[in-house]
Amino acid sequence: MKESQKYPIEAFTLAMILFSTNMKVAMLLGITIVFADVLLCVLCQMVPKKYTRAMYLITAVLYSAASFWALVVAYIDPDWWTLMGMVCIGALVIKHQYDRDMDEIDYDRILFADAFAYAGLVFLGAVREYMSSATVMEFDLSTLPFVSGSYAKPMFGFIGAGLILALVNLIVAEVSLSRDALWVAIPAVVLQVPFVWKNVSQVLGTVIGIATMLVVFIFFRKKLIFSVTPKNITGIPLEMLTLGMMYMIFSIL
1242 MKESQKYPIE AFTLAMILFS TNMKVAMLLG ITIVFADVLL CVLCQMVPKK YTRAMYLITA
1302 VLYSAASFWA LVVAYIDPDW WTLMGMVCIG ALVIKHQYDR DMDEIDYDRI LFADAFAYAG
1362 LVFLGAVREY MSSATVMEFD LSTLPFVSGS YAKPMFGFIG AGLILALVNL IVAEVSLSRD
1422 ALWVAIPAVV LQVPFVWKNV SQVLGTVIGI ATMLVVFIFF RKKLIFSVTP KNITGIPLEM
1482 LTLGMMYMIF SIL
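Sequential numbering of the sequence shown, starting at 1242, is according to this note's numbering.
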């Protein structure tokens, strides 16, 4: 029997890291994650196993179309960075389905967990959007002293995702698998470049920054795997918090 999660935690984690600075985008892309997750469950029960690859391809196409359409309808013009993030999130939804034990599909449990993960994504989007720009859903609100553009930086996406997912895991009684964190960390670090090494070309400096962060993270996560932590924090929540702290440290060097 495969070890599986109740909800696509990798996809929601990456969405929280990349798209939680805008509540509207977070709401729209979160809906497409839930749509793809439920669609895959339905198709897996209806389609014979020999057509699994075709099922994944159909879901990828429908997810991509739904995500792009949702942004266009909301008058959001997606750039290449947004499109790459959407592709990575879709791939993580499909990975989640591949890991899932297809003999134990419980739609009540799946929708319950998806609903809390989606709520966490929207809440984080509202908090980060307000704290970074004093707006929510593009409506201007009163500015408080702690409002700062710094909250839009990647480190707060990682830290916010870790805290929210720890709470979601506690509510839905879920334990994250330690192997899942790398599937989130690699695209997140590539799309949220931690730093660019100076005195070399920009491309080489970017590659050095990405490679350095991933190497240091892999070194530290080996220590985290054997650490004693509450079950709801183990895995992705703890490792995303660690990545956030690493981003914070590298930002001041």
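Treat the hints as calculated values from the structure; they're not laboratory data. Computed from a prediction, not measured in an experiment: that's the story for all the values here. Among the hints, erroneous ones may be present.
Stated by the list, open to error - Taking lysine-lysine pairs in the DSS-like style, the calculated list, with each CA pair at most 27 Å apart, reads:
id, residue 1, residue 2
1, 1472, 1439
2, 1394, 1291
3, 1336, 1439
4, 1291, 1472
5, 1463, 1265
6, 1463, 1291
7, 1439, 1394
8, 1291, 1336
Here is what the structure says about each hint:
1. Between the alpha carbons of residue 1472 and residue 1439 the distance comes to roughly 41 Å, so the proposed pair goes past 27 Å and is violated.
2. Between the alpha carbons of residue 1394 and residue 1291 the distance comes to roughly 44 Å, so the proposed pair goes past 27 Å and is violated.
3. The straight-line distance between the Cα atoms of residue 1336 and residue 1439 is roughly 36 Å, outside the 27 Å bound, and the hint therefore fails.
4. Restraint check for residue 1291 and residue 1472: not satisfied, since their Cα atoms lie roughly 36 Å apart, outside the 27 Å limit.
5. With a CA separation close to 36 Å, the supplied pair residue 1463 and residue 1265 exceeds the 27 Å bound.
6. Restraint check for residue 1463 and residue 1291: the C-alpha separation of about 37 Å exceeds 27 Å, so the hint is violated.
7. Distance restraint check for residue 1439 and residue 1394: the Cα-Cα separation of roughly 20 Å lies within the 27 Å cut-off, and the hinted pair is therefore satisfied.
8. Proximity of residue 1291 to residue 1336 is assessed by CA-CA distance (about 17 Å); at most 27 Å being required, the pair is judged to hold.
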